[in-house]
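K.L.:
Okay, here's what each chain looks like letter by letter:
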Amino acid sequence: MRTWYRYFSMGLVAVMGIAACGSDDDTSGTGDATDAPASTDGSPSETTAAPDSAAPSDTANEAGEDGPPAGSVLNVAHRNPNQTLDLHQAQLSSAQLVYLDPLYDSLLRREPDGALVEGLATSWDYTDDGKTVLELDLREGVTFHDGTPFDADAVVANIERGQRLPGAMTAPLDNIEAVEAVDPQSVTISLSQPSPSFLTDLASVAGMMASPTAFEVGDEAFAVEPVGSGPWTYVPGESDPGSQRVYDAFEDYWNPVDQGVERLVVFEISDGAARRSALLSGQLDITPVGAPDVDPIVGDGFDVVTVPTSPLGWLLLDRDGEIAAELADPRVRRAMNYAIDRQAIVDVVFFGNGEPNDQIFPAWMVGASETPSAIYDYDPDRARELLAEAGLDSIDLVVNSLGALRAIDEVVQAFLADVGINVEINIAEPGTLGSLNRSGDHPIANGAYGSFHPWETVESVIAADGPLNPFGTTDPAVDELIEQARTASDEDAVAIYEEMGRLVAEEAWHMLSFTLLTPFGVSPEVENFNPVVGVNSAVVRGVTVG
Amino acid sequence: MFEFISKRILGAIPLLFALVTLTFFFTSLMPGDAATAITDQSPLASAEDVAEIRASMGLDRPFLEQYVDYMGGVLQGDLGRSLFTSTPVTELISSRIVGTFALALVGTMIAVVIGVGAGIIAGLRPHGVVDRVVTGLATLGIAMPNFWVGLLLVWVFAVTLGWLPAGGFGQPGASFGDKMITLILPGIALGTSAAAHVARQMRGSLIGVMEGDLVTALDVRGLPRRRVVLRHALRNAAIPVLTVVGLLAARMLGGAIVIEQVFAFPGIGSLAVTAVNTRDIPVVQGVALTVGLVVVVINIVTDVVHVSLDPAARVQLS
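Taken in order, these protein sequences are the chains called V and D.
Each residue of the first sequence is one higher than the one before, counting from 949 in the working numbering.
Each residue of the second sequence is one higher than the one before, counting from 1495 in the working numbering.
Simulated from the structure, these hints should not be mistaken for lab results.
One or more of the hints may lead you astray.
[Claimed, not checked] Here are some chain D residues pointing at chain V (derived, C-beta under 7 Å): (1) S1522; (2) G1526; (3) F1578.
Glycine is no exception: its CB is placed at the ideal position from the N, C-alpha and C atoms.
Whole structure, please, built from the sequences with the hints as guidance.
P.N.:
Structure, rendered in structure tokens:
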């Protein structure tokens, strides 16, 4: 019996040891939504990306038509594991782009500044005023890695498969009512209802194309040996799912300038310290790093390139006061916004790797205003006045938090306590914060609210039926703007989103702290690495190693 | 002996059954499930989407039904599929367990070579200078958490000196030698505290034997000191050390969970951590079952070796 007890206790320790190492050092596990941006006016915004990195992509690489230098290898890491290489079954955010982008081309592409450019489609246009009928002309001379030609039938097959399979990344395809191959080089897509972010969706996973011939092996087998038309082919024999994914350059690729290296290896490394060490010891060329690692990495002679991603902070969800009655008073919500010093939070907790921000559409987002004016300065006296006007001396709130958010929330907690708002921080289990935010049982949501296009944010955070508006609160003025945005031209939409962003900020639907600047550590050997705004994983087309 | 071994194996069956049951029960008590974890970062996932994913994974069925289904599979050698990647769990574990075993083996070897060596040197001259140094180092070794030792080793040997890789299990297509090299640092990190434990045990045990009647009797007979120590004292002193080594080897599988994270090493430990974070219960179950099985086997082997080395235990047995 003595030994019986021994086995028993060890099994338990093993399991509990696992549970204890749950959360990582970065916010990615905490609700750092889809990353990403994209859109239609080509103007680069000031905040866009890549301060330290080399030239933009049109200088591309010297390899040119001759393909990548023989034997060249690029080693990249990412913090989130790869769930699947089957684009139509991908559930996670576009942090997965690091795994999917080498393998698949999308119909449209997003430039590093978020502007939409040609991909497998060479032109696109809505042919009706209601913006529901989209015509696309397709690139000629493109073949998939298995030799299948890319044509209109391939687009139809991909859309139909995307609609059939439950992948969250291809959910925008569910809005397609019909897709028709007009001729081999053009398709017409009819939408059930206008979606201003649809073109942006086609520049991400929803617009990626895989070989329809490869679909014939079945959904499970396709996920093991996926076939796209991208710059690199997947090498299942040398890959180790959960540890590393290996890609080799595709000889017949239509745009060799994207193939900076002959072989690309993407490592899945969840531990921040392990990623940093691997970079510094030369095992990795590009990896996302934690904010505290930035200065030491630069000190060791490596480059750090940052890219703006998600706005981060609290959504004050219970605006009708169903659970937290005080939150029904806009003065209370505004008081919270005046009470926090956003610059101090960025400096203290994120070592400057953030841009203070009080608006839900971040400045980098193409289609949104480039310079939304800040509404709330740090003004604790004003906060106390507003609370007094609301007839309150002090209020008590509870917020769910997790991982890196906790450090931010503790600073916010101190600022709020200073004006009489007492916040209790409840630490959530990893992987549950998103569902707590959406449950309708908690008056405040916490996390990062990433998207590639303002409309995605509208559908998620602002619309009455948005998952991150679980109390379904509405405002007639906001609803009016949403309706206008639905069919507005891209030019007009900018002003509409700016007005909407200002309105919900003034009504204090949220208390955001800053927009994350995601840092990538980059080896000095690497050239042409230009991360894409809103994407917190490394997209490496055109990157070369010295 | 055969009866002894078969009894031990039979005794392990209800134990593993209890382990699987408890793991299943405890993981289901964790807040959230695979459907909430997988949609956690998605801003557009509605409650219906989450419910749809949950249903597609079969997680909406009654708890008991899921349990019975799972146990039925386990009895037929089917550990199910990962909820996250859809890969069969047996495939995931078999691709990862080699690395973890290699790591635990290196750690155990380091513990035995350094621990036994240092323990003998210290135990032969108790309370001398060498003994004090060894005892002090052993105390330090036990006190240092293995992940901290790992970080320190990476900083010195990988980042600063650049002699050894900071992590991983070799590049794709790496040679056997390259893979072995990646084992050195994590192996040392894993073996350090174990070596300290072994050294203390070896020292204490050797001192006990050296001060005992056996050695006195042999000395009186005029046997050379060398022969007394090597042939008689060490053999007797080794018995309790062996038990400790067995326990430590089993514990290394648990320690590997942390060390594999520090070194981004693809073993079952890192597999388990990812699985817990994504609420990938079949994988968590599979790892718990595998680790449990290995611990049981190590314990049986330790007991068998113990019995064959220790005449007293053999007498007890018969």
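K.L.:
Now, for every hint given, state plainly whether the structure supports it.
P.N.:
Structure-based check of all given hints:
With its C-beta approaching chain V no nearer than about 13 Å, D:S1522 sits outside the 7 Å limit, and its interface hint is violated. With a least beta-carbon distance of about 4 Å to chain V, the hint placing D:G1526 at the interface is held under the 7 Å criterion. Because the smallest distance between the Cβ of D:F1578 and any Cβ of chain V comes to about 6 Å, under 7 Å, the interface hint for this residue holds.
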